[in-house]
Structures are given as structure tokens and as C-alpha cells.
Amino acid sequence: MELLRNIGRRKLRSALTISGIVIGVLALTTMGAIAENFNALLDGGVKYFSSNVQVGPPDGQSASLLPIAKIDEIKQVEGVATAFPSYTFTAKPGAVQAVSFGFPDLIIAGDPAENDWSVLKTTVAQGHLLDPSSTGHVVLGSTIDKEFKKKVGDTIDLPVRPSDAKPDFVNHTFTVVGILNPTLTAPDTFAYMTTADGQMLLKDSLPISIRNQVDVSQITEAIDVYAKPGTSISGLDSIADRINGQVSGVKATRPSVIVNSFKSGGAIFTAITTAAALLALVIGGLSVVNTMFMAVAERVREIGLKKAVGATTRNIMGEFLLEATLIGAIGGLIGYGLGVIITVVANALTAPGTSTLFLITLRLSLFALGFAVALGAVAGILPAFRAARLDPVTALRNE
Amino acid sequence: MRLVDLRKHYKRGSEIIRALDGVTLDIDKGEFVAVVGRSGSGKTTMLDLIGLLLRPTSGLLLIDDIDTTKLPDRELAHMRAQKVGFVFQEYNLLSGLNVLENVMLPLRYSTTRAGGRERALELLERVDLTDRIKHRPSELSGGQQQRVAIARSMINTPSLILLDEPTGAVDTETAEQLVMLLRRLNKEDQVTIVVVTHDLDIAAQTSRNIRLKDGKVLADERVGSASVA
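Residue numbers (this note's numbering), protein chains in the order written: chain A, 1 to 399; chain B, 400 to 628.
Heads up, some of the hints might be wrong.
One-sided and incomplete, this derived list gives chain B residues near chain A with beta-carbon spacing under 10 Å [stated by the list, open to error]: (1) ILE415; (2) THR443; (3) THR444; (4) PRO455; (5) VAL483; (6) GLU524; (7) ASP527.
Okay, derived cross-link-like pairs now, SDA-like style, lysine to any residue, Cα gap no bigger than 20 Å in a straight line [what the hints assert, rightly or not]: (8) A:LYS203 - A:VAL160; (9) A:LYS146 - A:LEU359; (10) A:LYS11 - B:LEU493; (11) B:LYS612 - B:ARG406; (12) B:LYS410 - A:THR394; (13) B:LYS612 - B:GLU564; (14) B:LYS533 - A:ARG9; (15) B:LYS533 - A:ARG5; (16) B:LYS469 - A:ASP391; (17) A:LYS11 - B:SER494; (18) B:LYS533 - A:LEU3; (19) B:LYS410 - A:VAL393; (20) A:LYS75 - A:GLU114; (21) A:LYS11 - B:VAL403; (22) A:LYS70 - A:VAL300; (23) B:LYS533 - A:LEU4; (24) B:LYS533 - A:ASN6; (25) A:LYS11 - B:LEU496; (26) B:LYS586 - B:GLU524; (27) B:LYS469 - A:VAL160; (28) B:LYS410 - A:ASP391; (29) B:LYS469 - A:THR312; (30) B:LYS410 - B:GLY458; (31) A:LYS11 - B:GLY541; (32) A:LYS149 - A:ASN347; (33) B:LYS428 - B:LYS410; (34) A:LYS75 - A:SER118.
Not close to chain A: a few residues of chain B, all C-beta gaps over 10 Å, as computed [to be verified]: (35) ILE426; (36) THR467; (37) ARG479; (38) GLU489; (39) GLU500; (40) SER509.
Note that these hints are calculated values from the structure, not bench results.
Glycine is no exception: its CB is placed at the ideal position from the N, C-alpha and C atoms.
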């Protein structure tokens, strides 16, 4: 109680000091929430790509087309447990996606059984996952579902017809059979369909001149290769090397290469945002140092009296440290609270179907609040030390 | 309490200031002592030494047969909390605390806190401030503030109360009342009181006057008139 009264003694000064911490923690919370959001997206990528080997056409091949028979060849490679064909199409052809913190809307076609092998599992919030033998069905990720406002049983035309579609543009009507739970990463903006439907869309995407000359049932865009569960990323790298050595006409990418590029992107982003926010906090911390030094100067007689009535050096040090810590904690709580409100409102105002920008995690919350408290405590050390070392005789007779 | 050849010397440049210069005396339990002398005679230095706020340059200072000159800072702080009560000329009450909280302040640094609130209320009753316990110091007169300071000095039931010019900031009538209060506490609680003053009228109402000059004891006299009105 006395601590709060001490802080309240100089209301304007305390308010300005606390404001410094508030701004710092607000910056840390909001910028940290952007970094956390970005990291969650990247973590999905890291998780997915560290569980399989991506096989595509060899370098230099313009079209992403592979004979589906390559799957059987790849399955013969030592360490390979299974392999699936994979097709990817843009869900909104012609849409401009400049700078975005989310993945674009994509149509992913393949064998639903792949979900059992992938580390990045998807689960349905409504309806059910795809039946491998079905056609004309689609399962929507949570974000793309919000964008098109669909519920199970509704139909959706995919790919979405662009406003300036050419006369030969073709799309198909699919029935929504399932809506996925949010994953905070790639699957949220994906529409999933079976291999047969993927091959149908592949055919539609081919130039008219060759469209009817190609048997799309014998073609895949890419192959996702899985080893037995629990295989390390270096084990998957070795499998990629063996595929490249033993199977012609394909290019297997080492998972570690993809994973490392995701991780380095996330690390740079986190470093930039965190550094900017920490800078704001350090400035706030300096204002706490200043305030506490002034508090010591103003309360010299009080310190002298407390020593006279039995306070030890440690008692005085503790009281001033606690006061500085409380300033940090109050500033931290207000800054964090404002940060949460801003991020929640900003996320709520994000257009439906667009990936949100902020993600408040427990880790970020603990860091923001913990840092504010620690900053107050650290900023209080020097002033508290000066207070505790005051000579009681001099302090008592200070004018 | 025993002071044996107690000295406190300061260095000011190349000059040595002998603030207290070889004082030897005993103060018995329950005595009401006035330390008098001119400015610079060493009164306040002696009070600071007895109150364990200062360390002597040499000599012995025994309180309850404990040689305090050998004690570490932490032990000195504990002794101040348990055995010594202070009253200052400027009261030194904390403006952020009310009367009751000011009286209870020393309990915060004491090992015996049980029953502290009841004792504070009892002391405030004895100094006739029961109706002011929630007031802030700024809402009290000088005499009332000094009575709060006296109550605060007694909260830990010390064996020794030290007062530095306690009536220096109040009018004559209030000063008289404060001295009467001190005499009553001295008699009722058998607490030893040492008061530093330049006011000879106050000194005359104590049981013993120690006169200092240039850091030495010039005179040490018993005063016979001390009696509670």
C-alpha cells in the first residue's frame, strides 16, 4: 500500500515513467504478436517439410509434370515407406497477392491418406475428411471457408472464375464435405480435393492444343515421399540423395534445405521486430532509472529515519527495488493489455478470408510481462543501492 | 549504558575535528539525562554514537553489557530497532503515512511485531492522540507531530529513548507539555531518556545534566527537582 502511495506522490512524473514502459511493452506485444503470427506460419512449413521429401521435375524443366509411374520407382528406394502424387493450383487465378503475411489460397489435390503420414495433421471442425474414391468433393481450410462463407453441404466453384476470364476458362462445382479446424498455418487457406479431381483440374490447366493428347491420369505435378515415422531430417536428406541417384527425371530436394530457409526467414523477422520493441523498452527503462534516482534524492530524510528505527541496508534496498519493480509491472500490465486489445481488434477487423496479422501466444505474454517486471527491477538496482548506502546521520539532517 | 574513553574524530582536509574527545560515563537504567552545551560542543555526535548511527573512532560503548563497537552494521540496525527510540527536532514523520502507520513504522524492521497495532493505539492514547490516528502529519500541529514521534520511539519498548532538540520547533507552552510527557513516560516505563538540548529550562527538569564543551565532559550534575506533576 505504501509502495502505491510512494508512486502516487508525484503523479505526473510516475505517469510519464509508467507511460514509457507502457509504450515499450505495447510495442513489444504488438510487434511480437506479428512475429509470433509469422513464426506460426513458418512453423507449419517447418513441421510439414521436415516430415517428407519433396520430389519435383528436374531443374530446367519448364512444366511441373512427372510420370505417375515415378512413384513406384521411388518406392523402391531404400528407406522410402510410401509416396503420394500431389497437385497444386491457385484457387483464385489472376488475383494479385502483393505483400502478405499469409499463404495464398491454393487448391491441393492428392490422396487423403497422406494426412496419416504427415506430421502436420488436419482435423475437421465440421463434416468429414475426403473419401479417396470420391469426386466433386472439397474440404476447406478455416480461413478460405470464412472468405467464401461456406458450410458443409454448400457448393463452391473452383478455381474461382476471374473477372476477366478468357472464354476457354474452365472451373467445376464442388460440394463442401468438411471444414478444417484452424492450424494457424498453410492448411487454413487451402481447399483439399482427391487425386482424381486434381487430375481433372490439371487437364483444364493445360494448353488447349495438347489438352486432349495427354492422359492426365498418368501425370502428377509433384510427389511427396515419406519414410517410416520418426525418421530424422538427416535420414530424409539421405533418402533425397538416394532418390536423385537412383531415379532419373526427377529432382528430390533435401528437407533440411527447405526447413533451414523457413527457419532463417523467421529468425530474421523475429530479430527485427523484437529489437525494435526492446529499444522502446530500454528507453522506458532509462526513465525508470531517472525516476527512482529522483525518488531517492527526495526521500533522503525518510531513508535516514528508516535506518534510525532499525532498517538494514538490505531493507532499504528491497523497498526501492520493489517500488521500481512495481512501476515496471504496472507499465507492463497496461502496455500488454493495450497490446492485446489492439491485436484482437485488428484481427477482428481483418477482411474475412485474409490471414490475420497478430498472434498473442503464452510465450509472448510471459516474455512481455516478465521483461517489464525485470526491466523495472534492473532499472531500480542503482538507485536502490544509492539509497541503501546513504549514511543515516547525513541523511537525517539533509535539508 | 557505559561510555569508555569514547572518541569521534573527523578529518577535514589536513585538520582533525575532535567532535567527541574521550568521554567516559555511565548512564543507569531509568535515568532522565539532559546533554547540554553550545553548538559544536559534541552533543549531537554523542547522541548519534549512543544511538548507534555513528561508529566511534575509538573507545567503548556498552549497551546492556554488549560492546556495540564490535558489532557489524546488520547487528547495529537490529539493536537500533530493539533497544533505541529516536525523536528528532523536525519530527521526521513520513508524510505518506497516517499517524497510526507512522507510529507502527519501526515494527516493520523489528523481529517482534505481534500485538504492534494494539501497542501503537495504546501509546497514542498515552500521548493523547487517539482522535488523530487516521490524520496525516501535515494535518497536525508541531506539538502533536512531536507526540506522534515520541509514541513511535516507544513502539518497540526500547530501553533507551534519544531526543535531539525535541522542543526546538515548538512554542514554549508546547515544549513544557512535551517535557511533562517525557517525564511521565520515564517514570511509568522506567525507560532511560537522553535528551540533547540547549534549553536550560528543559535541562532543569531532568534528573541529570551532562555539559559538553569541545567534545569533552565539562560537568556531570545530578538535578534534584525532577518530579512528575
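Verification of the hints:
no.	hint	verdict
1	ILE415	violated, 18 Å
2	THR443	holds, 8 Å
3	THR444	holds, 9 Å
4	PRO455	violated, 13 Å
5	VAL483	holds, 8 Å
6	GLU524	violated, 21 Å
7	ASP527	violated, 22 Å
8	A:LYS203 - A:VAL160	holds, 16 Å
9	A:LYS146 - A:LEU359	holds, 18 Å
10	A:LYS11 - B:LEU493	holds, 18 Å
11	B:LYS612 - B:ARG406	holds, 14 Å
12	B:LYS410 - A:THR394	holds, 16 Å
13	B:LYS612 - B:GLU564	holds, 17 Å
14	B:LYS533 - A:ARG9	holds, 18 Å
15	B:LYS533 - A:ARG5	holds, 15 Å
16	B:LYS469 - A:ASP391	holds, 18 Å
17	A:LYS11 - B:SER494	holds, 15 Å
18	B:LYS533 - A:LEU3	holds, 18 Å
19	B:LYS410 - A:VAL393	holds, 16 Å
20	A:LYS75 - A:GLU114	holds, 15 Å
21	A:LYS11 - B:VAL403	violated, 51 Å
22	A:LYS70 - A:VAL300	violated, 83 Å
23	B:LYS533 - A:LEU4	holds, 18 Å
24	B:LYS533 - A:ASN6	holds, 18 Å
25	A:LYS11 - B:LEU496	holds, 17 Å
26	B:LYS586 - B:GLU524	holds, 17 Å
27	B:LYS469 - A:VAL160	violated, 90 Å
28	B:LYS410 - A:ASP391	holds, 16 Å
29	B:LYS469 - A:THR312	holds, 17 Å
30	B:LYS410 - B:GLY458	holds, 18 Å
31	A:LYS11 - B:GLY541	violated, 28 Å
32	A:LYS149 - A:ASN347	holds, 18 Å
33	B:LYS428 - B:LYS410	violated, 34 Å
34	A:LYS75 - A:SER118	holds, 17 Å
35	ILE426	holds, 19 Å
36	THR467	holds, 14 Å
37	ARG479	violated, 5 Å
38	GLU489	violated, 8 Å
39	GLU500	violated, 8 Å
40	SER509	violated, 6 Å
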